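Undergrad: Quick note, the sequences are listed as chains A and B, same order.
Numbering (my numbering) for the first sequence: 1 to 115.
Numbering (my numbering) for the second sequence: 116 to 231.
Simulated from the structure, these hints should not be mistaken for lab results.
Predicted model only: the values in this text are computed from it and were never measured.
Each hint should be verified, as a subset may be incorrect.
Simulated pairs of lysine-lysine, DSBU-like, Cα-Cα distance not exceeding 30 Å [said to hold, decoys possible]: (1) B:157 x A:58; (2) B:157 x A:49; (3) B:211 x A:58; (4) B:211 x B:172; (5) B:172 x A:69; (6) A:22 x A:58; (7) B:211 x A:69; (8) A:49 x B:198; (9) B:157 x A:69; (10) A:22 x B:172; (11) A:77 x B:211; (12) A:49 x B:211; (13) A:22 x B:193; (14) B:157 x A:77; (15) A:22 x B:198.
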Amino acid sequence: AQSVAQPEDQVNVAEGNPLTVKCTYSVSGNPYLFWYVQYPNRGLQFLLKYITGDNLVKGSYGFEAEFNKSQTSFHLKKPSALVSDSALYFCAVRRNTGTASKLTFGTGTRLQVTL
Amino acid sequence: EPEVTQTPSHQVTQMGQEVILRCVPISNHLYFYWYRQILGQKVEFLVSFYNNEISEKSEIFDDQFSVERPDGSNFTLKIRSTKLEDSAMYFCASSKVTGGPNQPQHFGDGTRLSIL
Chain A
1 AQSVAQPEDQ VNVAEGNPLT VKCTYSVSGN PYLFWYVQYP NRGLQFLLKY ITGDNLVKGS
61 YGFEAEFNKS QTSFHLKKPS ALVSDSALYF CAVRRNTGTA SKLTFGTGTR LQVTL
Chain B
116 EPEVTQTPSH QVTQMGQEVI LRCVPISNHL YFYWYRQILG QKVEFLVSFY NNEISEKSEI
176 FDDQFSVERP DGSNFTLKIR STKLEDSAMY FCASSKVTGG PNQPQHFGDG TRLSIL
């Protein structure tokens, strides 16, 4: 079975400060890891993915994520938050077998960036 | 940038009625998925579909659910006899064939299904 934990329901950060949204995962074998963002009344928008290689992956809108195999974590980061980053963020894991394999999502973390 | 489109955006249906949710995946994608998100809860996988057959389904996807690709562009989810607990946001997603499971799934904006 595969699972994702996002321990924080909400993260509050001031604009211009760095942000971190935490994610840990459990999956058999090597993981494929993803971050998605959801704005109000919209679908899930792909931000970035980790497949293999460099543990620090860069994605859209200045976001990056750090894969840590020993801690089974894939935390989302951004050096300088913007008010427009305020949204719901989902971490997801996928098995590395089966091309149409499902994504398993965490419960989501609401990011609130204030002036 | 191409998008997954879903119709309708909101569907209100009486309990026990059949409902069909429609999706147009991205044109060069051949893997299709349905997920649902009950209000305040996480996004849950329902079913994946490739080459005109179901690849994987969850325990939620019971006999009252079915999927179909009726033509070259649409992908539908049918719920035969809706229950109150089927009220949720339903998301369609698609992904490319080439590149395997490392290809991201692209999501539509969802259909909000309300069962009365």
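Undergrad: All hints are to be evaluated individually against the structure, with a verdict given for each.
TA: Cross-check of the supplied hints:
For the suggested pair residue 157 of chain B and residue 58 of chain A, the alpha carbons sit about 25 Å apart, so the restraint of at most 30 Å is met. Between residue 157 of chain B and residue 49 of chain A the alpha-carbon distance is near 19 Å, which keeps this suggested pair within the 30 Å criterion. For the suggested pair residue 211 of chain B and residue 58 of chain A, the alpha carbons sit about 21 Å apart, so the restraint of at most 30 Å is met. With a C-alpha separation of about 19 Å, the suggested pair residue 211 of chain B and residue 172 of chain B falls inside the 30 Å cut-off, and the hint holds.
With a C-alpha separation of about 28 Å, the suggested pair residue 172 of chain B and residue 69 of chain A falls inside the 30 Å cut-off, and the hint holds. Of the supplied pair hints, the one linking residue 22 of chain A and residue 58 of chain A holds, its CA atoms being roughly 16 Å apart against a limit of 30 Å. About 27 Å separates the Cα atoms of residue 211 of chain B and residue 69 of chain A, which keeps this hinted pair within 30 Å; it holds. About 36 Å separates the Cα atoms of residue 49 of chain A and residue 198 of chain B, which puts this hinted pair outside 30 Å; it is violated.
Restraint check for residue 157 of chain B and residue 69 of chain A: satisfied, since their Cα atoms lie roughly 24 Å apart, inside the 30 Å limit. Pair hint residue 22 of chain A plus residue 172 of chain B holds up; C-alpha atoms about 28 Å apart against a cutoff of 30 Å. A distance of roughly 27 Å separates the Cα atoms of residue 77 of chain A and residue 211 of chain B; the hinted pair therefore holds under the 30 Å criterion. At roughly 15 Å between alpha-carbon atoms, residue 49 of chain A and residue 211 of chain B fall within 30 Å of each other, so this suggested pair holds.
Our distance criterion of 30 Å between C-alpha atoms is broken by residue 22 of chain A and residue 193 of chain B, whose separation comes to about 36 Å. Restraint check for residue 157 of chain B and residue 77 of chain A: the C-alpha separation of about 21 Å stays at or below 30 Å, so the hint holds. Pair hint residue 22 of chain A plus residue 198 of chain B does not hold up; C-alpha atoms about 35 Å apart against a cutoff of 30 Å.
The earlier numbered hints that this structure contradicts are 8, 13 and 15.
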